[in-house]
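If you use the numbering used here, the sequence shown corresponds to residues 1 to 311, in order.
Since the hints were made in silico from the structure, they are not lab data. It cannot be assumed that every hint is accurate.
As the list claims (entries may be wrong) - Each pair of labels, with its calculated beta carbon distance range:
1) Ser22 <-> Ala285: 49 to 57 Å
2) Ala107 <-> Gly270: 23 to 31 Å
3) Arg12 <-> Thr252: 47 to 55 Å
4) Asp272 <-> Glu119: 29 to 37 Å
Quick reminder that beta carbons are idealized off the backbone N, C-alpha and C, glycines included.
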Amino acid sequence: MMHRTQREIRTREPAEAADALSTTHVTDGLTVERSGAEFLFEERVRGSELLCLESTSCAGVVSGAVQPGSSMLIVWMKSGVGHVDDDPVKIGRPLLYRQDPQRIRWADFQQDALRIDRETVEQVAAERGDWAPGPLEFRPRHVPEGPELAAWWLMVRSVAEHVLRGPSEVSAAQERELTRFAAAGLLTAIPHWPVGQHEQPLASTARFARAEAFLLEHATEQITVDDVAEASGLSVRGLQAAFQRHHGITPTMYLRWIRLLLAREQLQSGDDRSVAEIARDAGFAHLGRFAGSYRKEFGELPRQTWQTARE
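Given only the sequences and the hints, what does the whole structure look like? Please build it.
If you want it as structure tokens, here you go:
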């Protein structure tokens with residue numbers, strides 16, 4: 001069995017906030033300072049040595065150097081102003097930390113993070129890419145967009161459901177499988193290749209990886225399971241089994257979720273397109289079915305999301 005630890009802190013003292021961050025991260029020269037009269041720091045951490053979710057908010061300024069240690073560390077800002085190595089961080093987009101120390105500065109922010117065991121990521125990458133397990137390079141400062149980003153959020157949603165709402169004690173096999181699932185989500189979102197090789201147009205060459213890449217590349221088109229299978233060199237049955245093994249759902253369900261998340265992001269963006277145009281651009285041919293699926297998954301109709309974004 002594996003134990004998922006849980007730690008929470010809420011403090012108005014910068015020194016206590018610095019101690020908490022130094023417990024969660026490998027840091028160097030970390031400082032926490034007030035940015036105004038009311039300082040407040042909150043941190044929640046839950047997970048195992050293989051997979052962990054972190055949520056941090058601070059009405060203040062955090063600066064110093066951070067490195068991931070034995071994990072892959074991916075963060076995404078929900079609000080505030082952030083810089084990593086002097087580069088601005090885009091709100092709502094995942095950012096993968098390098099293995100070596102990086103300078104950070106976060107001001108008046110809310111931020112979530114996911115830690116994934118590095119060895120597991122390397123093993124899953126080797127299986128997907130059909131190469132020997134070993135250290136990886138990732139495309140520097142890559143910001144996922146479109147279907148890649150939707151695939152990332154689909155993974156995060158599922159992992160959060162298991163880690164935050166699941167039991168404190170889980171079997172080692174279950175936790176390893178969930179960690180592999182998270183690793184696959186990271187590898188889908190950010191181009192990667194073995195250390196020492198040049199970046200390739202498609203870092204993954206195994207058949208499932210080709211299937212997933214084809215599905216994401218053509219997610220907004222009217223593709224079928226047969227199209228994905230043919231593009232990857234898998235049989236339809238083999239494709240179904242591969243998606244069940246890697247994502248826990250069928251390729252059709254995976255594609256529907258990608259399209260729903262794409263549509264939701266665009267509905268929340270406040271652009272000038274109508275709900276119908278956004279639905280069609282995301283790959284939905286039947287607007288009634290789109291509205292029903294959207295309401296089932298997000299608890300509101302697409303038009304409600306669209307109107308809220310304009311208010």
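Hint by hint, here is what the structure shows:
| no. | hint | verdict |
| --- | --- | --- |
| 1 | Ser22 <-> Ala285: 49 to 57 Å | holds, 53 Å |
| 2 | Ala107 <-> Gly270: 23 to 31 Å | holds, 25 Å |
| 3 | Arg12 <-> Thr252: 47 to 55 Å | holds, 50 Å |
| 4 | Asp272 <-> Glu119: 29 to 37 Å | violated, 47 Å |
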